[in-house]
Amino acid sequence: MVGITSYGAYIPLHRLDRSEFFRAWGGIFGMSIPGEKAVANFDEDGVTMAVESAIDCMNGTDPKKVDGLFFATTTSPYKDRLCSSMMVVILDMRRDVRTMDVTGSLRAGSTAIVSALDAIKAGAAKSVMVTAADTIMAAPAGDFEQAYGDGGAAVLLGSDGVIASVEGSHSISDEFAGMWRTSEDTFIRSWEDRMVLDRGYSSIMPEVISGLMKKYGLATKDFTKMVCDSPLDVRRHARLARELGFDESQVQDPLFLTVGNTGCALAMMMLVAALEEAKAGDKILFASYGNGADAFVLEVTPEIEKTRDRRGIKNHLASKKPLNNYETYLRWRRLVTVERARRPELGPTTIAGLWRDRRLILGLWGKKCKVCGTPQIIQGASMGMGTPTRVCVNCQAKDQFEDYRFSDKKAKVFTFTQDNLADTVDPPAVITMVDFEEGGRAIFDMTDRDPSEVYVEMPVEMTFRKLYYDAPRGIHNYFWKTRPVRC
Amino acid sequence: MPVGIKDKVCIVGMGCTKFGENWDKSDSDMIVDAAYEAYEDAGIEPKDVQAAWLGTCWGMTATMLSVALKMQYKPVTRVENACATGAEALRNACYAVTSGAYDIALALGYEKLKDQGISGLGGTAITTGVASSMTAPGAFAMLATKYFARYGLSPNEGKRMIAQIPVKTHHNGALNPKAHYQREITIEQVLNAPIIAWPLGILDSCGVSDGAAAAIVVRAEDAKKFRPDPVYIKALQICVGPAEGQMSQVFDYTHVEETYRAGQAAYAEAGIKNPRKEISMAEVHDCFSITEAVIMEDLQFSPRGRVKEDIEAGTFRLDGELPVQPDGGLKCFGHPIGASGLRMMYEMYLQLQGKAGPRQIKNPQLGLTHNLGGFPYLNVVSCFIAGL
Chain C
3 MVGITSYGAY IPLHRLDRSE FFRAWGGIFG MSIPGEKAVA NFDEDGVTMA
53 VESAIDCMNG TDPKKVDGLF FATTTSPYKD RLCSSMMVVI LDMRRDVRTM
103 DVTGSLRAGS TAIVSALDAI KAGAAKSVMV TAADTIMAAP AGDFEQAYGD
153 GGAAVLLGSD GVIASVEGSH SISDEFAGMW RTSEDTFIRS WEDRMVLDRG
203 YSSIMPEVIS GLMKKYGLAT KDFTKMVCDS PLDVRRHARL ARELGFDESQ
253 VQDPLFLTVG NTGCALAMMM LVAALEEAKA GDKILFASYG NGADAFVLEV
303 TPEIEKTRDR RGIKNHLASK KPLNNYETYL RWRRLVTVER ARRPELGPTT
353 IAGLWRDRRL ILGLWGKKCK VCGTPQIIQG ASMGMGTPTR VCVNCQAKDQ
403 FEDYRFSDKK AKVFTFTQDN LADTVDPPAV ITMVDFEEGG RAIFDMTDRD
453 PSEVYVEMPV EMTFRKLYYD APRGIHNYFW KTRPVRC
Chain S
267 MPVGIKDKVC IVGMGCTKFG ENWDKSDSDM IVDAAYEAYE DAGIEPKDVQ
317 AAWLGTCWGM TATMLSVALK MQYKPVTRVE NACATGAEAL RNACYAVTSG
367 AYDIALALGY EKLKDQGISG LGGTAITTGV ASSMTAPGAF AMLATKYFAR
417 YGLSPNEGKR MIAQIPVKTH HNGALNPKAH YQREITIEQV LNAPIIAWPL
467 GILDSCGVSD GAAAAIVVRA EDAKKFRPDP VYIKALQICV GPAEGQMSQV
517 FDYTHVEETY RAGQAAYAEA GIKNPRKEIS MAEVHDCFSI TEAVIMEDLQ
567 FSPRGRVKED IEAGTFRLDG ELPVQPDGGL KCFGHPIGAS GLRMMYEMYL
617 QLQGKAGPRQ IKNPQLGLTH NLGGFPYLNV VSCFIAGL
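Line by line, the protein sequences give chains C and S.
Sequential numbering from 3 applies to the first sequence in the numbering used here.
Sequential numbering from 267 applies to the second sequence in the numbering used here.
Source of the hints: derived by calculation from the structure; they are not laboratory data.
For glycine and all other residues, C-beta sits at the position ideal for the given N, C-alpha and C.
No incorrect hints appear here.
Now the in silico label distances, taken between C-beta atoms and shown as ranges:
| no. | chain 1 | residue 1 | chain 2 | residue 2 | range |
| --- | --- | --- | --- | --- | --- |
| 1 | C | Pro390 | S | Asp518 | 24 to 30 Å |
| 2 | C | Ser21 | S | Ser385 | 36 to 42 Å |
| 3 | S | Asp518 | C | Val427 | 29 to 35 Å |
| 4 | C | Arg333 | S | Tyr417 | 35 to 41 Å |
| 5 | S | Tyr417 | C | Ala141 | 51 to 57 Å |
| 6 | S | Trp289 | C | Trp27 | 42 to 48 Å |
| 7 | S | Thr343 | C | Tyr80 | 41 to 47 Å |
| 8 | C | Trp27 | S | Glu450 | 51 to 57 Å |
| 9 | C | Gly28 | S | Pro460 | 33 to 39 Å |
| 10 | C | Val427 | S | Gly623 | 45 to 51 Å |
If you want the footprint, here are the derived chain C segments under chain S, 3+ residues with CB under 8 Å:
| no. | segment |
| --- | --- |
| 11 | 345-358 |
| 12 | 420-429 |
| 13 | 435-444 |
| 14 | 466-479 |
Whenever a hint applies, use it, and build me the whole structure from the sequences.
Here's what the structure looks like:
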């Protein structure tokens, strides 16, 4: 039996009420779309949200037993650089694994799942992680801007401990591209909307789902849930279900009112939400659209009961803070140029240093002294501080270390400040010196925080974030930050 | 046990520029002004200098000094040791004449911060991009946060305690024509100033300035040939931390270990048993108000956690039991990094010679200077003592 063995998801903390777009732009589009959308913080992107999702999905799984990692996104920070290879280090997987960034389509997530399943069925891999996230941008003042949201989801696929088996699948390819971005575009482009929907989603999704049901001799009543992603016009999602003959109770919520359209991650996020509620024996129709479509028949097994402790969709949905206003959204997405802090230029990023410190930077691996047992970490090469740690800070033993991971350790704020002078997209920079509960101390920026709610002794957890983009050198600098314990 | 530097070397001449936003002065201008003032004060000619040490953090290499002064093919060394850079230049020059390698040496420190067009002290280095976005005010603000939490001070009580420090120091700066800021401030102004890094406001923070200062040093046995009132070096101590405070939970973040240890070493070198009684005056690294408060405890001027009592009693005022920052400190002089250590010694030198004018402290015997470079958890500290 081959199928899903674990799942996880991520939704950014902040939500923007759609009435804020209406407030900002008034009647340019004439109406306010209901609900709110999830907004990635300024330090989040497709990579960080896919990492969050994958960590949620791993949930105690031995990373050394996962044979591949496929990252699906249409908003990779790089055109030519494999982000999945970065994630292999973050998740502490082996070197002899398959990595692939799947991109260029809103069904990149389901395409990655198809490939992972093929590899497992062929015996080339026993277990493959597929993690997807998107932060699609639409130009300000349009409907699309309101429709898109940010988020991610991950599934672990394999043959041991299957919680939902894949009973069959059907894919079709279609040349019609109603919405697209070129390699030069920041914002999504669209053809005239009726053709986009009529010739696209509303034509292709019925075709793939009918084809799937015909192929496996199934009818709509055989499915407990229909999990299909939605186009930007969410009314077409309801129409698809209605025209195929699904009852409203079978339709998985496309998260439009709570998260927004998360691009190639949407179908997987909906699938995670469905699995959170699923019972053994449930049949799930799972389909995703984009230059064609992929559709799957899933059947839930009794193992599902072992996966109830994820943050997933339900907990992440409940854990939220309102984003104050649209202006903050513009600043976070860098849609307006704001005055720079009069601070020193950031120094040149060294690729050589990033490579040497890859375990420290990507996985937050420090050291634990084998002589005195002290866990220790130092951020790394910056003014007056070098890496790696070769001599113990406590007993000065030389080279008597084992690797020690800090990213999954709980910590408490030892002291902090709100730094108004620091050059940050979202001032003040909240700086925390934290003590890890099992030993070790370090200084990190704090994210997803309300500055007024930070206190000495506050419990925090670590989160992988993008610190900044070194534009002259084209390097996205990622590292870990603290955040209040999320959920 | 090393025998130490006590009474082996003397300062026989010093110079110090006006500190401030010296838009009309270049780095070379300030180097020339400080050096020639020191030459004149020592009664020597430029050619008499046999070796020089240049302290600068952001300036490059020894040629900066030799070119500005057109030194005639002399040994010049640029030194850098964070905020103790100026002190380090003096320390090296002292060791050089003490060893007998040279008879007359010049120590000069400068920084030209205001050409950078930014807030703060500046500095850019190759990076892996993972350092936190924290600024220097942020690092010292965390010292205040923790100090207040540990000693049960509410944010308002804590802010009021430290706000008295810049008020005291500005009083002194107002009496000093070489200070950047020469005006009195009130405690209300300090408390109501915009916040730089909570809980520190703008008036808890020292200024950003240009400046240069210089000293001529000779062996003690030669000193009286230059002047009747040379100033004797009693201790030159540097302490550099291993980042224990940053990496280990041992550090309480309510003191600075490097200051404590540098002070201990300096007192031992100078033969001081009771610093509070024996030290007449001090110029310490008041980059922020909280820093000075904690330094008072680390240098054992005040008991741990009880500096508040001494601040409120006026102990550190110009007319107090142990005046601190008689010249106006970093608070009024700003912190042109390479110059600060020598600027502090310049004030001790003037005070010991009775030449401090309206700021003159009555009959001082020993003066202490202290620099703290880096962060409270990882830094370079210098602690020097000079006397008659």
